[in-house]
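Residue-level listing of the chains:
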Amino acid sequence: MQDDGQGRFAASVLPHLDAAYNLARWLVRDGHDAQDVVQDALVRALRHFDGFRGGDPRPWLLAIVRNAAFAWLGSRRTGEVDFADHEHELDAVLAMDAPPADPESLAIRRAERQEIDAAIAALPIAFREAVVLRELEELSYRDIARITDVPIGTVMSRLSRARHLLAAALRPEAARNLT
Amino acid sequence: MNDDDLWLDALLDDELDAAASLALQRRLAGEPALQRRLDERRALRDVVRTQATRHAAPDELRAKLLAMLPPRGDTAAGAAADASATPRTPANPRASLERRGARAGAWRRRVLPWATGLGGALLASVLTLALVAPGAPGWHRGEAIADLQTAEASEAVSAHTRALLVEHPIEVASSDQHTVRPWLSARLNFVPPVTDFAPQGYPLVGARRDVLSGETAAALVYRHGAHVISVFVRPVDPSATRAAEATRVVRGFNVIERTQGGLAFCFVSDANPHELAALADLVAPPTGS
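Top line first, the protein sequences correspond to chains W and L. Residues 1118 to 1296, numbered by the working numbering, are exactly what the first sequence covers, in order. Residues 1386 to 1674, numbered by the working numbering, are exactly what the second sequence covers, in order.
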């Protein structure tokens, strides 16, 4: 334990292994691929640990994991990473969808784990990462902005749209017909 | 999808400052439709948080991290793996084992030069400790402790703001310490100090149970002028190294942490640091040690 760099890396990064894996798993949507992404991210984190100037290591690590996941997705040409180019198109679609006035809350409460997971997995990647970082990792807007490399305002609107899509996906047909 | 949703989300996410939050609360009181929308968003948020899967890192991945040890340090690596009870080979080998074996090789090749240069055995011990023992005795690195306590402070702020947003921040509403103390001691396995400091300007409002770092804590609620102050109290292992006192600002809230007599106190409020420190000195007077 004499070596400060080593000890500091282990102490800072390894407690967040679950968070790292969770983010990777939601981004690439496959367990084995997520393991590869996390390994790749930890190699990068180890290499660049000198550049980490203290503070909360979790957003720092998650930013690296996120970049590794996007590099992985990009190398496979999944088309997901081009999302940003299409974000404004989605905006227009959402604008046409009027806000629901039904008792959404009651319908949503009954949703099962499987449905919720499927609804999140179906979100466009920029929305998905915002939801995972906010609801599962409980990070602040500021940290999410740092990790996803966008302004806080973008984080806010992505989160809001993501929740709108989730609410629509989780609303049963019956409730939708009431409106 | 409109601007109101952004505000409602920000309120739910504890991202509004006191003034914006107050303005929105006023609007909510006068607009039932807006309030309904907030309830919907909260229901959605709650169901996602409680139902969505948070994937835990598989043991296999932890085992692969140990596999980044250099081959000539195999004895150390073996001992490390045994000590951590982490299987070095996947517990449930699948058809793709060979493929993954090749990946592990690639991982080792990439890390090896780096790891060897810094001493594999040393890395082994550090990794093992970190993998099996965060928070356990032996986890005495200053930075680690600081990080843990920062995380605790952040959790305390979340608990405080959550309590402000829900309708029932208090399970036992009483300014009578002789009511609050027995209520808490009947429900906790320790007895926190409970005193009403109304004469000093800090009336006790009540208490509730909360969870910090996975452990049940007592949350005492005091009022000071317009400010609500949460005081989280929980027992800590007296042999564990903790900073005796730490003051920080987390997401706009002032936080004072103080460890004393086997209890960890965490004071959270939007009251100014001096006002908060004054209550800290009343609840947990510095011993001068």
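Worth flagging that the hints you see were computed from the coordinates, not collected in a lab. Nothing here was measured: the structure is a model prediction, and the numbers come from that model. Just to be clear, a hint being listed does not mean it is correct.
Over the 10 angstroms line for every Cβ pair with chain L, so calculated as not near, a few chain W residues [stated by the list, open to error]: (1) R1142; (2) A1180; (3) F1187; (4) W1189; (5) S1192; (6) R1193; (7) L1253; (8) T1265; (9) D1266; (10) A1284.
Interface residues of chain W toward chain L, partial, derived using beta-carbon atoms under 7 angstroms [as the list claims (entries may be wrong)]: (11) R1230; (12) D1234; (13) V1267.
Simulated coverage check for chain L against chain W, where a stretch passes if three residues somewhere in it have a Cβ under 8 angstroms from a Cβ of chain W [as the list claims (entries may be wrong)]: (14) 1575-1585; (15) 1645-1653.
Virtual Cβ for every residue (Gly too), placed ideally from N, Cα, C.
Hint check results:
Against the 10 angstroms criterion, R1142(W) falls within the reach of chain L, whose nearest CB is about 4 angstroms from its own CB. No beta-carbon of chain L is positioned within 10 angstroms of the beta-carbon of A1180(W); the least distance is around 17 angstroms. Distance to chain L confirms F1187(W) as a non-interface residue, since its nearest Cβ pair spans about 18 angstroms, more than 10 angstroms. For W1189(W), the shortest C-beta to C-beta distance to chain L comes to about 12 angstroms, beyond the 10 angstroms cut-off, and the non-interface label holds.
No Cβ of chain L approaches the Cβ of S1192(W) within 10 angstroms, the least distance being about 14 angstroms, so the stated non-interface status holds. No Cβ of chain L comes within 10 angstroms of the Cβ of R1193(W); the nearest lies about 15 angstroms off, and the non-interface call holds. A beta-carbon of chain L comes within 10 angstroms of the beta-carbon of L1253(W); the shortest separation is about 5 angstroms. Non-interface status of T1265(W) relative to chain L is upheld: no Cβ of that chain comes within 10 angstroms, the nearest being about 15 angstroms off.
The claim that D1266(W) lies off the interface holds: its Cβ sits roughly 19 angstroms from the closest Cβ of chain L, which is beyond the 10 angstroms cut-off. Against the 10 angstroms criterion, A1284(W) falls within the reach of chain L, whose nearest CB is about 5 angstroms from its own CB. Hint on R1230(W) holds. Least Cβ distance to chain L is approximately 5 angstroms, under the 7 angstroms limit. At a threshold of 7 angstroms, the smallest CB-CB gap from D1234(W) to chain L is about 5 angstroms, leaving the interface hint in force.
At its closest, the beta carbon of V1267(W) sits 15 angstroms from a beta carbon of chain L; the interface hint therefore is violated under the 7 angstroms criterion. A stretch counts as covered by a chain when three or more of its residues have a beta carbon under 8 angstroms from one of that chain; for the segment 1575-1585 of chain L and chain W the count is 0, and the coverage is violated. Coverage of the segment 1645-1653 of chain L by chain W is violated in this model, with 0 residues showing a Cβ closer than 8 angstroms to a Cβ of that chain against a need of three.
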